[in-house]
Every structure is written in structure tokens, then in C-alpha cells.
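Please work from the sequences and hints to get the whole structure.
Those sequence lines, one after another, are chains B and A. Residue numbering for the first sequence follows the UniProt record's numbering, starting at 1 and increasing by one per position. Residue numbering for the second sequence follows the UniProt record's numbering, starting at 1 and increasing by one per position.
These are calculated hints, taken from the structure and not from any lab test. Some hints could be false.
[Stated by the list, open to error] FRET-style restraints, in silico, Cβ to Cβ:
| no. | chain 1 | residue 1 | chain 2 | residue 2 | range |
| --- | --- | --- | --- | --- | --- |
| 1 | A | A294 | B | L256 | 36 to 42 Å |
| 2 | A | G110 | B | G179 | 55 to 61 Å |
| 3 | B | E224 | A | D169 | 34 to 40 Å |
| 4 | A | E117 | B | D65 | 45 to 51 Å |
| 5 | A | L174 | B | E224 | 34 to 40 Å |
| 6 | A | A127 | B | A169 | 33 to 39 Å |
| 7 | B | L135 | A | R122 | 46 to 52 Å |
| 8 | A | A294 | B | S7 | 48 to 54 Å |
| 9 | B | R11 | A | L236 | 30 to 36 Å |
| 10 | B | A169 | A | G110 | 39 to 45 Å |
| 11 | B | F27 | A | L43 | 44 to 50 Å |
| 12 | B | D65 | A | A294 | 46 to 52 Å |
| 13 | A | L51 | B | A169 | 35 to 41 Å |
[To be verified] Derived pair list, reagent style SDA-like, types lysine to any residue, alpha-carbon separation capped at 20 Å:
| no. | chain 1 | residue 1 | chain 2 | residue 2 |
| --- | --- | --- | --- | --- |
| 14 | B | K133 | B | F121 |
| 15 | B | K133 | A | A55 |
| 16 | B | K133 | A | L43 |
[To be verified] According to the in silico footprint, chain B covers these stretches of chain A (three or more CB under 8 Å from chain B):
| no. | region |
| --- | --- |
| 17 | 250 to 263 |
| 18 | 276 to 285 |
None of these values were measured; they are calculated from a predicted model. No residue lacks a Cβ here, since even glycine has one placed at the ideal position from N, Cα and C.
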Amino acid sequence: MSALRTSRPARIGQYLALLAYLVFLAFPFLWLVSTAFKPAPELASLHPTWIPEEPTLVNFRQAFDEQPLLRAAGNSLVAALAAALIAVAIATPLAYVTARHRGRLATAATGWVVISQAFPFVLVIIPLFLILKNLHLINSVPGLVMVYVVWSLPFALWMLMGYVRAVPAELEEAAAVDGAGRLRTLVSVTAPLLAPGIVATALFAFVTAWNEFFFALVLLKTPEKQTLPVVLTHFLGAEGVADLGPLAAAAFLATLPSLVVFAVLQRRIAGGMLAGAVKS
Amino acid sequence: MSSATATKRPDGTRAPRTVRSARPRGPDFGAWFLVLPALLPILVLSVGPLLYGIALAFTDAQSGRTQATRWVGTLNFQDLLHDTLFWDSFRIGLLWAVGVTVPQFLLALGLALLLNEKLRFRWLARALAIVPWAMPEVVVGIMWRLVYNPDAGILNETVRDLGLGQGHDWLSGLATALPAVVVVGIWAGMPQTTVALLAGLQNTPRELHEAAALDGAGTWRRFRTVTWPALRPVALAITALNLIWNFNSFALVYVLTSGGPGGRTRLPMLFAYEEAFRYGQFGYAAAMGCVMVAAVSVLIALSLVRRLKGDQDR
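What follows is the structure in C-alpha cells.
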């Protein structure tokens, strides 16, 4: 250890650098929060201040008056929940099989995961738009859910495969020796051990869908069906002239669910990325 | 588990002989049963549309057309070849992808190295460093519009406070728009890159560092001889992915500038989106998508070649 002791000036430099990073990472977010709580006169002031002198909740109220935020949040919630649950439900068995069996299927699955990261959505969205149109699923949340499920599958599969590999195969062998069938082994031995990983994956899929914009923009036409990110862009107006206070308030609210999920997931996400980054 | 050797039990499940070792090859219906629920949607909603999309590129498909869609061969691609607006946007996409990925990598590497040190408040920094990741891209765009706002934004206020002039309308200036959105791109992708690099750093054995330090190697030398070689695979993977993701990005710039001013920030995805869903040119937009896929494939091929070469060197 002693060989790696850092000198005092170097330490100070490190802390200064860390501070600089934190300022860079935090300042736009702090500015958003500050703007959200500022009353109109302060927003119009030519010399904006960091901390609102008279903090107010008026912007939040006005945001709800200006745009159908509640309904949009409801649409987002339904789409993200459904997508997360379905994606995990169908990805878990696939992840189990591909993680345990090394063969053509596993190769194809990982190949697909890699490729899916690469293709531009525009090449997929046009046909999807036409297909969903023929199925009368344009401008419908179920149609969007179908797209989200497939779109979140690669990463869900990737995360889950990591979690399956972390379950020692010996446990399953032991169950098999005890006479448990494959399904039985899966349900009573593997699934409980996988549960935390499945929950983490579902939460991740939820946030991904909650934050998604492009597919929602293309597939949802009327304000009644639109999700939160799409409705947020309505605040910007046609010419980009915006009512800053309500805009900031609505944007801040839209972030809260993802922030909560990320706070819960922080460690697991880092772990999942670790697996993904090292193996990809 | 082979269907040929496994015995059937009364409940219809197969008795596994061994779970892991000496598994004979052959069709495994149990496995297929588990795989099918995922495979069907993938085929119907991912692989299918991809092929359909490529096919569309060779047609004159338009939205709201009364006549039947016809095959037009490579006509769309010939048109694309002469479409200077598209090649401008392609060039902007490349500039943007490299302009975001490279500085972001360097910044993230610095942050990862810092977070790998035993510093106080490291936990706080780690927690905060993930915030941009959690935010919807639309919110990130809106947030930075507030920062860049010519009158009420904090950036111009800082510029004025420092006596550097009256500030700019950053997102509307022809010269400043692309750099301004690039900064946002760097900011937005920092967490993923940092976390990936941090994960890579934690794979470097500490003993190697200590041994190198005992041999009198300085910080830079230790980085070059110990840290970097261990980090290289992760660094290359995340850089390749970032280049691809950034080249294909949409939401951030759509919210920030919608591609303006005068197309200066019109990324290829924005161009194709407008072509398809504003002007209804499905076939032409699909051809753009094909060209983008081709560009990205070249990048993947290059990174694979590098990796293979790397393997040979060892």
C-alpha cells in the first residue's frame, strides 16, 4: 500500500478535479430545479439568480393547466409497466437457456443483442409504422408497448444472462440429482436466486420505456394518447418560445420516477454494465 | 439434454441426466419451449421490420398514396447519391459522433480514475455522476435549453458576470449551434462511459500497480504500462458503441434545435425522420436508413478487425 501513497499536492489536485466534474455534472440539473421554483418576475429578470428569492409552486400548477400532464404520465406509466413486465417475462426463459446452453442459439442471441445496438431506428420504425397501421395499432398505447417490449429485449436479455451465470449450476445439478425435473428446478431453485436480478432488469426496462421519445413521437398522434416525453415537447411551442417556469416544472416532475429507480438500482446498474462492458 | 436419451416421467417432464456436463447434441424441445415467447416477438417486430425496411428502400413507398407501391430498383440510392442535403447531414452526424465520443471518453476516463481512488465524498460523486443517465433525453434537452437561454439562461449570465460580453444565442447561432449541442451530448453520455471504464479499472489488479510503483514507475508510466493495457478492451468496446449510438441519436438534438439553424445540427436521424414522417417519403427515408446501417457496419467491421489483430499480437 505504502508504495501508492499519493502526495499532498496531488491529493488536492484530485479533489479540485473531482469538484470540477461535479459542477459540470450537477449545474444544469440545479438550474432546472431553480427555474422550476422561480416566480414569473424572477424568470423575466435580466440578471437570473441561482437560488429563487421567492420560491413558488405556481409553475407546477400552471404546467398542469397548460398541458395534459396527468394523462400523459398515466400513459407513460401504463406503457412502461406493461413493457417492463412483458419484456422480463419473455426474456427470462430465453436468458436462462442461452446462458446455460452453449450452442448455436446462444451465439445467435448474443449476435442479435450486439446487432440490435447498431441499427438506426429509422430503418425499423418505418416498417413498424406500416405494420402497426395495418393492425390499427397506430396512436394506441398497446402498439407502443409492443415496440417497447422488443426494443428493451436485447438489454434485458444481456442483463439477465449475467444474472443466470451468477447462479451456480451446481445448485441445479443438486436439485436434478434429488429428482427434480427441469421445470421444477427452474421454478424452485433458480427463480428465487434470480429474483433480485429480474427485479433490477424490470426496473431498468421500466425507466428505458418511461424515458423513450422517438417511437412515442412517431406512433402516438393525439394528445390523449401521448406519453410524457412527447407532451413535454409541446411546452416548447412552435417557434421554440417557451413559458420557462412551467416548462422547467414539468421537466423536473418527469425526471423524478427515473431518479428514484436509479437511486434504488445504482449498484446493480453498475454491476450490469460491468458484465456488459467487459463481455461485449 | 437430448430427447433421445432422457426418459419421460409421468408428469411429462424429462428427467435430466446431468445438467451441465456431457450434454449430447440434438434438438431440445424443452429449451425451444422456453425460447419461443421471446423469439416470436423478436422475429415479428425486429428482424421482420428490419428486412421489410431494407426492402422498402427499393420501392417508391409514400404515405397516403392511392396508387400501389412499385419496385424502383436502386433509384432511391441514385437520388441519395446526389442529395447534397443528405450528405451534409451525414457529415454533421460524423462530426457530432466523433465530437461527442472523443472528449467524452477523455473526460469519463479522468472521472473514472478519480472515482477509483480512495477519495472522501467518492460515494456522493458516484451517486451524482449517474443523474444524467436517469434523465429522459427530452428533459436533458429542455434543461440545456434553459441553460443556453439567451436572456434567462445561466450560461449567458455567467458570461456577463465574467465580463466576457453580452453572451450569445448559443443554439441559434450558425457557428455555435453544433458545438453547443455537442456539449450536451458529452454531458448526457458521461455516466455510461464512466461506469463502463470504472468497471474496467476495477479489473486491474492492484498488486501490479504496487509492483510498478516499487520499481519506481511514476503515475503516467503506471497508467501506460499497467492501467491502460487492462482497460483497453473495455475502452475500445465502449468507444465503438458510443460512436454508433451517437451517430444514430435523435431525441436530444430534436429537442435542442430540431436540426437548425439552417440544418447545422441536422443529424441523419433527424433528416430521415423528417423525410419519412413529415414529407411521407417512406422509400427514400428507408434508403437513408440503409446507408446509415452500412456506415455503422463499416465501423463494427473495423473494430472487429482491430480486435482480431489484437488477439494475434498476444
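Status of each hint after checking the structure:
1. A beta carbon spacing of about 41 Å between A294(A) and L256(B) agrees with the range 36 to 42 Å that was offered as a hint.
2. For G110(A) and G179(B), the Cβ-Cβ distance of about 56 Å falls inside the hinted range of 55 to 61 Å, so the restraint holds.
3. Evaluation of the 34 to 40 Å hint for E224(B) and D169(A) yields a pass: the beta carbon distance comes to about 35 Å.
4. Checked against the hint of 45 to 51 Å, the C-beta distance between E117(A) and D65(B) comes to roughly 49 Å, which is consistent with it.
5. At about 39 Å, the CB distance of L174(A) to E224(B) agrees with the hint of 34 to 40 Å.
6. Range check, A127(A) to A169(B): about 35 Å between beta-carbon atoms, so the 33 to 39 Å window is met.
7. Between L135(B) and R122(A) the CB atoms are about 51 Å apart, so this pair conforms to the stated range of 46 to 52 Å.
8. About 52 Å separates the C-beta atoms of A294(A) and S7(B), a value consistent with the hinted range of 48 to 54 Å.
9. The hinted window of 30 to 36 Å between R11(B) and L236(A) holds, with their beta carbons roughly 31 Å apart.
10. Checked against the hint of 39 to 45 Å, the pair A169(B) and G110(A) passes, with Cβ atoms roughly 40 Å apart.
11. Between F27(B) and L43(A), the C-beta spacing of about 46 Å keeps the proposed range 44 to 50 Å intact.
12. For the pair D65(B) and A294(A), the beta carbons lie near 48 Å from each other, so the given range of 46 to 52 Å is met.
13. Under the hint 35 to 41 Å, the C-beta atoms of L51(A) and A169(B), about 37 Å apart, fit the expected range.
14. For a cut-off of 20 Å, the pair hint linking K133(B) to F121(B) stands: about 17 Å separates their Cα positions.
15. A distance of roughly 18 Å separates the Cα atoms of K133(B) and A55(A); the hinted pair therefore holds under the 20 Å criterion.
16. As the CA atoms of K133(B) and L43(A) are separated by approximately 18 Å, the hinted pair is consistent with the 20 Å bound.
17. Under the rule that three or more residues need a Cβ within less than 8 Å of chain B, the assignment of the region 250 to 263 of chain A holds, with 5 such residues.
18. With a threshold of 8 Å between beta carbons, the proposed coverage of the region 276 to 285 of chain A by chain B holds, since 4 of its residues qualify and at least three are required.
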